[in-house]
Amino acid sequence: MELFTRTWGSPSSPAMVLLHGVTGTGDTWAEFAPRFADRWRLIAPDQRGHGRSPRADAYSFDLFADDLHGLLDAYDIERAVLVGHSMGGVVAYRYAERHPERVAAMVLEEAPPPVPLGRELSPRPAQELDYDWALRAPILAELNDPGPGWPARLAAIAVPTLVIAGGAASHLPQADIAAMAGRMPAARLVTVDAGHLVHETRPDEFAAAVEEFLAHPNR
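Going by this note's numbering, the letters in the sequence shown line up with residues 5 to 223, in that order.
Read the hints as simulated data drawn from the structure, not as lab findings.
Hints should not be assumed to be uniformly reliable.
Unchecked claim - For each label pair, taking beta carbons as the anchor points, the in silico distance ranges come out as:
#1 PRO127 / HIS220: 28 to 36 Å
#2 ALA62 / ASP134: 27 to 35 Å
#3 ALA41 / GLU209: 30 to 38 Å
#4 SER126 / ALA173: 14 to 22 Å
#5 ALA219 / PRO120: 35 to 43 Å
#6 PRO155 / GLY122: 13 to 21 Å
Heads up, the beta-carbon is just placed ideally off N, CA and C, and yes, glycines get one too.
Turn these sequences into a full structure, and let the hints guide you.
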């Protein structure tokens, strides 16, 4: 899977990979990334089935994580900070479950917690889409049925992690996001009352939270 990517910063700087949410593209990080480009090498892909990346025959969080693994290898990155919004946050923590040695730290912004969410598939919009509608059903199915092993998997993620919740305006269960952070041994929780799109609705607060975390990820 060859992903379309955007990059900022010097190739010699530490790497940060920015993972967008479902239906989005790497363009969602266009305001955030330049704030860090003097110290970080930032890479924002369009994940499979989104934007200018290819449509695929299959979609799953394991496949998104495989794509991320290939991306790191293609850019010759041994370890990276992963910043994931919504679906991208799930991709990040699923990748960290499988390849913790490749993840320096994580920022999970409004990432759906691995509990049955009970979400329903909405009708397809009539307009032309910037993503493959076929990806929505399998991704939603995984979010609605994450399987029985997720508590142990979360407890095994020792990567320094910042969990950012969007507060009461978010459609995600905030108590479950807090519980997810509590199960991860090196995670801390910050709530920014901005709803689901924290990095777009409150860009200054989001960037400040990430900046503070990356300055002291093991605190």
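Hints, one by one, checked against the model:
| no. | hint | verdict |
| --- | --- | --- |
| 1 | PRO127 / HIS220: 28 to 36 Å | violated (46 Å) |
| 2 | ALA62 / ASP134: 27 to 35 Å | violated (20 Å) |
| 3 | ALA41 / GLU209: 30 to 38 Å | violated (20 Å) |
| 4 | SER126 / ALA173: 14 to 22 Å | holds (19 Å) |
| 5 | ALA219 / PRO120: 35 to 43 Å | holds (36 Å) |
| 6 | PRO155 / GLY122: 13 to 21 Å | holds (19 Å) |
In terms of the numbered hints stated before, the structure departs from hints 1, 2, 3, listed from lowest to highest.
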